[in-house]
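A.B. asks: If you're matching them up, the sequences are chains A and B in order. Position one of the first sequence corresponds to residue 755 (this note's numbering), numbered consecutively onward. Position one of the second sequence corresponds to residue 42 (this note's numbering), numbered consecutively onward.
There's no promise every hint is true.
[Stated by the list, open to error] Selected chain B positions facing chain A (in silico; Cβ < 8 Å):
1. Cys-78
2. Pro-258
3. Asp-261
4. Arg-287
[To be verified] Estimated spans, in silico, between C-beta atoms of each pair:
5. B/Glu-73 to A/Ser-904: 56 to 66 Å
6. A/Pro-765 to B/Ala-268: 57 to 67 Å
7. A/Gly-930 to B/Asp-199: 55 to 65 Å
8. A/Arg-919 to B/Gln-329: 30 to 40 Å
9. A/Ser-1001 to B/Pro-94: 15 to 25 Å
10. B/Glu-73 to A/Pro-765: 53 to 63 Å
11. B/His-45 to A/Ser-1001: 24 to 34 Å
12. B/Pro-148 to A/Gln-883: 22 to 32 Å
13. B/His-45 to A/His-829: 54 to 64 Å
14. A/Asp-768 to B/Trp-265: 45 to 55 Å
15. A/Thr-922 to B/Glu-337: 19 to 29 Å
16. A/Val-918 to B/Gln-269: 33 to 43 Å
17. A/Gln-883 to B/Asp-244: 26 to 36 Å
18. A/Pro-765 to B/Ala-89: 38 to 48 Å
Just so you know, these hints were derived from the structure itself, not from any lab. Note that CB positions come from ideal geometry on N, CA and C, so glycine has one too.
Chain residues, written in single-letter form:
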Amino acid sequence: MPHNVPCDFPPGYDGTEILQRLERVLDPELDESVLHLGFVGALRVRAGHADVALQLPTAWCAVNFAYLMAEDVRHALLTVEGIRRATVRLGDHCAAAEIEAAVNDGRPFAEAFPGEGAGSLAALRLTFQRKGFFGRQERLLRDLRATGHSPATICALRLGDASVRNDTIVIRRPGGVPVESGSAEVLLRYLERRAELGLDRSPAAPLIVDLDGAPLSAERLEAHYQTARTVRVAMEANGSFCRALLSLRDANPAAPA
Amino acid sequence: MYTHDGHDLFVIDGHMHFWDANPENWRTKYGESWIKCFYAFHSSLSPAEEVWPFDKFCRYGEAVLVDDLFRNGYVDMGTLNSTYLYEFYKNGFNSHAQNNVIKTKYPNRFLLCGSFDPRDEEAGVDAFRSMMADYPINGLKLYTAEWKDGSRGWRLNDPWAYKYLALAQELGIKNIHVHKGPTVYPLSADAFDVHDVDYAATDFPELNFIVEHVGLPRLDDFCWIAAQESNVYAGLSVAMAFVHLRPRYFGEIIANLLFWLGPDKLCFGSDYAIWSPKWLIEKFMAYQLPEDLKQEYHVDLTLDVKRKILGENMARLYGIDVAAQTAILSRDGIGARLAG
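Generate coordinates for the entire structure from the input sequences, incorporating the hints supplied.
C.D. replies: As structure tokens, then:
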């Protein structure tokens, strides 16, 4: 697992599970793991109490997203066996005090920030889950195109035609030969988001669908791909921007930031 | 003016600042953390040798600006994107009045942006009219995420925003720069969301809307809107800075913008002093779109396209005749010294 989180565990404590849970927490705007992004500054476990220090790229990172991440981190920690209490800290973030007080107390955003408009963050989260769906699907489409599948073939594929062998996607159409078709992780991430959005995951369901779960015609595929591609570029560019900002904080923690 | 293989490229920096973030001007702790956030943008994406000390970054003054833009930075004209932030800075961050000090000295070098805040409602109308009468305002810069009296932002399609846009149009304004960029401090209202531009652009077809920072981190939403609305343009500041540290993403962003908007709607901006035009323009001119992106998107960043992006597109929006303006600028104080 690629991470460089300073961990402070009791003697003999196996931190594998807690790090795996943290790895699954995403920056909703970037659709990347907070662990991989380097947002987890420190992790400490003592007597069933987990304490995580988040370090976001700037003290001004949007409060709504900061809240979502802090809340998700706390929930993830509480699913770990033996962890009975979880505390998330936000360091020098401009709204650290308010977010920490609310999240660590299990109170919703709307209560912590009354009058900030949107109230519930559910809609915001869904918007970015849907963007992430496009981003993940674009990488799959890119792999399928690069391994020679035509638009007509891509649109005809069923979920049951795709499987994973080691780190590779294998596409096997009924009566056809297996074709290695890109990175298994790309397929698994796409299927995971598909499930989160409640889209059909039965073997007979089309592999490539739109956000309503409807199949695409070969004619529609190109325009769909062009849209997905722009969403992916936007998310990756933002992630890149955040990483650049964060690397500066890592390099020189005393710098004004 | 940037000269490439004997070709002159007229440069308009569509987004630059003449700010005062000196500690004496900080009204609250937010004045400090605002400029520190800008400084983080500056130091993380600039080439190491271009990073300034923090105190210079807080207030650099007129002589430094003139050198960085016009003497060393290839810029012919700069667009002063006034940003007020009175809740953070006692005298404002760079109000039109502060900016007009430098415009008065070099009147042909700058396009000056004024602004309005629809939350002032009726009470702000007279002040807006006075600003338009008393200052040589060329365009407007709107900052939808600005805090005011407990409000954390507003939207371009709010009823009072429409009244001000109509008034601005009546008073001769053509170009509206809208800040839609990296989330600095919008709370849940998500005040940098770009969809309000769609409504305003449809309802004010005579106005041009230049979306600063191409809506990053909402590049995708911006592209859908700009592809549909003929009067929506891309302001490239922030995106430009990727050319150094993240050239691949820069290429992907430019390829997407060329794909959805075409070469006539992209406008250079440095966001000076966050980034300096000299290195941005040198790296931009040296940059070639990677072959795979050219083929995938069926676009290219040719010299002709670069010329449009660096100045011609913005000149067209502001009705500037490049040849005539070049002649005028060659005779002003800066131009004469450059020639000498």
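A.B. asks: Compare the structure with each hint and give your call.
C.D. replies: For each hint, the structure was consulted:
no.: 1; hint: Cys-78; in the structure: 5 Å, holds
no.: 2; hint: Pro-258; in the structure: 4 Å, holds
no.: 3; hint: Asp-261; in the structure: 4 Å, holds
no.: 4; hint: Arg-287; in the structure: 5 Å, holds
no.: 5; hint: B/Glu-73 to A/Ser-904: 56 to 66 Å; in the structure: 58 Å, holds
no.: 6; hint: A/Pro-765 to B/Ala-268: 57 to 67 Å; in the structure: 60 Å, holds
no.: 7; hint: A/Gly-930 to B/Asp-199: 55 to 65 Å; in the structure: 57 Å, holds
no.: 8; hint: A/Arg-919 to B/Gln-329: 30 to 40 Å; in the structure: 39 Å, holds
no.: 9; hint: A/Ser-1001 to B/Pro-94: 15 to 25 Å; in the structure: 20 Å, holds
no.: 10; hint: B/Glu-73 to A/Pro-765: 53 to 63 Å; in the structure: 43 Å, violated
no.: 11; hint: B/His-45 to A/Ser-1001: 24 to 34 Å; in the structure: 33 Å, holds
no.: 12; hint: B/Pro-148 to A/Gln-883: 22 to 32 Å; in the structure: 51 Å, violated
no.: 13; hint: B/His-45 to A/His-829: 54 to 64 Å; in the structure: 55 Å, holds
no.: 14; hint: A/Asp-768 to B/Trp-265: 45 to 55 Å; in the structure: 48 Å, holds
no.: 15; hint: A/Thr-922 to B/Glu-337: 19 to 29 Å; in the structure: 23 Å, holds
no.: 16; hint: A/Val-918 to B/Gln-269: 33 to 43 Å; in the structure: 40 Å, holds
no.: 17; hint: A/Gln-883 to B/Asp-244: 26 to 36 Å; in the structure: 31 Å, holds
no.: 18; hint: A/Pro-765 to B/Ala-89: 38 to 48 Å; in the structure: 43 Å, holds
When the structure is compared with the earlier hints, violations turn up for hints 10 and 12 and for no others.
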